[in-house]
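Please construct the entire structure, taking both the sequences and the accompanying hints into account.
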Amino acid sequence: MRPLEDVRIIAIEQYGAGPFGSLHLADLGADVIKIEDPSSGGDVGRYVVPLQDGEDSLFFEAFNRNKRSISLDLSTSGGRRVFEDLVRNSDAVYSNLRGDVPSKLGITYEALKHLNPKIVCCSLSGFGMSGPRSAQPGYDYLLQGIAGWMDLTGEPSGPPTKSGLSVVDYSGGLVAAIALLSGLHAARRDGVGMDCDVSLFDTAISMLTYPAAWALNSDFVPERTHHSAHPSIVPFQAFPSQDGWLVVACAKEKFWSRLAAAVGRPELAMDARFDSFATRLANRETLTDILEAAFRSDTTMSWIEKLTAAGVPCGPVNTVREALADPHTVARDMLVQTEHPRFGTIVQVATAARVGSLLTARGRAPARDEDGPEILSNLLGYPETQIRELRETGAFGAHSSAVSPAVTETGDADV
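Residue 5 is where the sequence shown starts when you use the working numbering, and the numbers rise one by one after that.
To be clear, the hints were calculated from the coordinates, so they are not data collected in a lab.
Here a beta-carbon is modelled for each residue, glycine too, at the ideal position from N, C-alpha and C.
Be aware that one or more of the hints could be misleading.
With a straight-line cut-off of 27 angstroms between C-alpha atoms, the simulated BS3-like cross-links for lysine-lysine are [to be verified]:
(1) 310 with 258
(2) 122 with 108
(3) 166 with 122
DEER-style ranges, computed between Cβ atoms [said to hold, decoys possible]:
(4) 286 with 348: 25 to 31 angstroms
(5) 346 with 155: 40 to 46 angstroms
(6) 337 with 108: 49 to 55 angstroms
(7) 312 with 108: 25 to 31 angstroms
(8) 351 with 371: 48 to 54 angstroms
(9) 231 with 258: 18 to 24 angstroms
Encoded structure:
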């Protein structure tokens, strides 16, 4: 058995942050049942271009592997009844909605504990379930700006810059997964569930870590640095080479002395301007100019070979395609394949959580409502007459399958 095969999670999620967190849980064996709103065409991630067709996209596939899907209109009495029966048969309700929405939808612990006293209700929102911004929508880009990240990113003379990836979204999803598993552990131990209130804002603020500690306890002002240099350790940054870029990380004194020798300047390690962390920081610009001139004299791969042989931490600045083709990527089984009825064989990146020696099962993302009949009949034990009645009263949405996608009150559109 995979580690989480005895865990069932109801996921009211869409787009990136929420699905990224539950993807890890699904890959580890949890039965993640996505509740998709039929009135909006389900998870908005299904309609993200490029490489999108019908009600599916490679964007959606990247976040929803190994999950199940049921269309359910929670605004109807029938849809609510089905949801409540799912709560009775599940361990957690996981959502990524605006902070004020879980209480309105009735998916908090207080609203559900009478159905299942051990249910864990994990909310991932933009700004949390309390505070002056709780009702505001939150996107990764907004949070990178609000939390000060963009002020720290980019060249000193350039504009504030966003990370190339949605790091706040992904980190928020991982924090939510940790919170959910912690709540589940406590619920199984104590017999009582709880709310888990996770937000992208809290996640982004917490990740300020040591720059925040410096700013909170001194007159230190975090600033952008040239070539993405570490704020206090020198040299620890990107350097241009003859044909590209490489990153050198001298996080210890021994690495600095090795680097000086590797670039043909061993005397630099003993130079009074550069013989300690403090002196190198004070003379950062002078030392950086010397090293940049050295690195421009040869190619990136030549320097990688020399520095690796010398025991200096370093690496090339790869393109995405180069990173995916790296031999270590393949050796670590970080590429997985799934078969899809529209897209054929899809290659994706695996989740990074390795637990035990059992390889992750690789199932494609579900079509919208693909698992509805099985969930209703086998998991909940509904007879066909009850399913037909629920369908006729709109619990699963309109009879027509032609539903236009829309950004609703859920998902990262309103996290």
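- Message: Tell me the numbers of any earlier hints that the structure contravenes, in ascending order.
- Response: 3, 4, 6, 7 and 8
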